[in-house]
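From first to last, the protein sequence lines stand for chains A and B. Following the numbering used here from start to finish, the first sequence increments by one per residue and tops out at 546. Following the numbering used here from start to finish, the second sequence increments by one per residue and tops out at 546.
Because the hints were derived from the structure by calculation, they are not lab data. Computed from a predicted model, the values in this text were never measured in an experiment. Some clues are possibly wrong.
Repeated chains share a single entry, so a pair holds when one copy, or any two copies, can fit it.
Calculated lysine-lysine pairs in the DSS-like style (CA-CA distance at most 25 Å, straight line) [said to hold, decoys possible]:
| hint | residue 1 | residue 2 |
| --- | --- | --- |
| 1 | Lys362 | Lys532 |
| 2 | Lys468 | Lys397 |
| 3 | Lys489 | Lys545 |
Number of protein chains: 2
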Amino acid sequence: MYVIGEKINGMFKKVNQAIKERNSAFIKELALQQIEAGSDALDVNVGPESVNPLQDMKWLITTIREVTNAPLAIDTTKPEIMEEGLKIAGENSFINSTHADNEKLDIYVPMAKKYNAKLIALTISKSGVPQDTAGKMELVTNIIQKCIEYEYDISNLYIDPVILPVNVAQQNATAVLEVIQQIKLVSEPPPKTLLGLSNVSQGTKYRSLIDRTYAVLALASGLDSAILNPLDRELMDAIITAELCLGKQLYCDSFLEAYRKK
Amino acid sequence: MYVIGEKINGMFKKVNQAIKERNSAFIKELALQQIEAGSDALDVNVGPESVNPLQDMKWLITTIREVTNAPLAIDTTKPEIMEEGLKIAGENSFINSTHADNEKLDIYVPMAKKYNAKLIALTISKSGVPQDTAGKMELVTNIIQKCIEYEYDISNLYIDPVILPVNVAQQNATAVLEVIQQIKLVSEPPPKTLLGLSNVSQGTKYRSLIDRTYAVLALASGLDSAILNPLDRELMDAIITAELCLGKQLYCDSFLEAYRKK
Numbered sequence: 285m286y287v288i289g290e291k292i293n294g295m296f297k298k299v300n301q302a303i304k305e306r307n308s309a310f311i312k313e314l315a316l317q318q319i320e321a322g323s324d325a326l327d328v329n330v331g332p333e334s335v336n337p338l339q340d341m342k343w344l345i346t347t348i349r350e351v352t353n354a355p356l357a358i359d360t361t362k363p364e365i366m367e368e369g370l371k372i373a374g375e376n377s378f379i380n381s382t383h384a385d386n387e388k389l390d391i392y393v394p395m396a397k398k399y400n401a402k403l404i405a406l407t408i409s410k411s412g413v414p415q416d417t418a419g420k421m422e423l424v425t426n427i428i429q430k431c432i433e434y435e436y437d438i439s440n441l442y443i444d445p446v447i448l449p450v451n452v453a454q455q456n457a458t459a460v461l462e463v464i465q466q467i468k469l470v471s472e473p474p475p476k477t478l479l480g481l482s483n484v485s486q487g488t489k490y491r492s493l494i495d496r497t498y499a500v501l502a503l504a505s506g507l508d509s510a511i512l513n514p515l516d517r518e519l520m521d522a523i524i525t526a527e528l529c530l531g532k533q534l535y536c537d538s539f540l541e542a543y544r545k546k
Numbered sequence: 285m286y287v288i289g290e291k292i293n294g295m296f297k298k299v300n301q302a303i304k305e306r307n308s309a310f311i312k313e314l315a316l317q318q319i320e321a322g323s324d325a326l327d328v329n330v331g332p333e334s335v336n337p338l339q340d341m342k343w344l345i346t347t348i349r350e351v352t353n354a355p356l357a358i359d360t361t362k363p364e365i366m367e368e369g370l371k372i373a374g375e376n377s378f379i380n381s382t383h384a385d386n387e388k389l390d391i392y393v394p395m396a397k398k399y400n401a402k403l404i405a406l407t408i409s410k411s412g413v414p415q416d417t418a419g420k421m422e423l424v425t426n427i428i429q430k431c432i433e434y435e436y437d438i439s440n441l442y443i444d445p446v447i448l449p450v451n452v453a454q455q456n457a458t459a460v461l462e463v464i465q466q467i468k469l470v471s472e473p474p475p476k477t478l479l480g481l482s483n484v485s486q487g488t489k490y491r492s493l494i495d496r497t498y499a500v501l502a503l504a505s506g507l508d509s510a511i512l513n514p515l516d517r518e519l520m521d522a523i524i525t526a527e528l529c530l531g532k533q534l535y536c537d538s539f540l541e542a543y544r545k546k
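Hey, can you work out the whole structure from these sequences and the hints?
If you want it as structure tokens, here you go:
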């Protein structure tokens, strides 16, 4: 599975503080820790308290780029910050994210194409977050149609069927697993699938247990990618072991260590 | 998932000793521990070193029946011991197990019918253990045909597609997941599916991690039942959480505790 580390996000208190204080050592260390723990890419989000989000985003990206060339997922709702972020983060970045409404897709699909970026698209529209399979798939279809219209390479599209906390929307959790399977059937090549995993356990008593169990269920359904906490060792162990059992990695006695050294 | 506790098996040194010494307190305690940990039924196996397996089996069943009426899975390769076991264990017992050859099925299917027992049938024949999906499904078909021939209720049939250790037969692990899904399509009502879970991690370095990860993958594929170690708390936690995320149990904050008190 393609792992996008979620930790560089201003919603975390220490990260918010590091951004305010321009503590580049802290950010660099957090970037490297996530890579060492098995991240393929890193999410970058200035957080809700940022007073100058454009400057903060630029500083974060520049700081991270001093220690790693890993792809970055530029995580903002503002198109102008997205575009500036893409300019300095380089190719193979992720746009994180667009909703499924045409007015959003008409901004972000061309932007993804222009900057050769991957595009994360959520099954959310102005009408809300559909919680059933049919409602989610309707938005999936709209997203794919827009990508075809703009001749955007569907294999660079990452559709996120939006997992909600299992304590408030339990049936949504099973619908998401169905959508992960169905997405693979709607186009050739199919889009990738992605989850913002940690959301599944928001507000629950056993967060890590729910995260790692749901990750394995989603992998069994064919999930390609997730934004998650790579520093949760038990979560990463579960993911690595699931991929082993699904035949996506060759067995060796020290398969956990081998994966992390990859 | 229907859990059959695996611990009362003479292959475990302490159990073997308890059988030899007729230490009924040890066996009763082990039975109750497994029930409290979430087992629905208990496997009973005298082990390979038993000198008088018929007497040992009778003693084990009688001893367990002093503390619980939970269904028992009579685990022996000898038809005469199986039949004596079924007589004293009572209805809803499991025959554990038959192979997929006609000469075995012609013994065990009628026996299962006569004693109103559930039947565990392995996808193993005289030719060996097929490791690919097609080979396993061929044996599944033969098992089901024999059950139809004897008018045995297919919903009491538990087919075990035989998981092999992932360190020696990695592709078998993915084939088993496919077979679990396909079995549900071959008859109406479909047979149940069952795994002897612990075998997947035999000889590996991270046994419990592999067991619990594979259990979640199998649950995502629709697994109904497993023979496993219910005293592995992390394994049971993973199973309970997977069932929660699959919508088979209602969420409450203390869902782990609620399941165990069921």
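Structure-based check of each hint:
no.: 1; hint: Lys362 / Lys532; result: neither (37 Å within a copy, 40 Å between copies)
no.: 2; hint: Lys468 / Lys397; result: within (22 Å within a copy, 43 Å between copies)
no.: 3; hint: Lys489 / Lys545; result: between (32 Å within a copy, 18 Å between copies)
The structure shown violates just one earlier hint, number 1.
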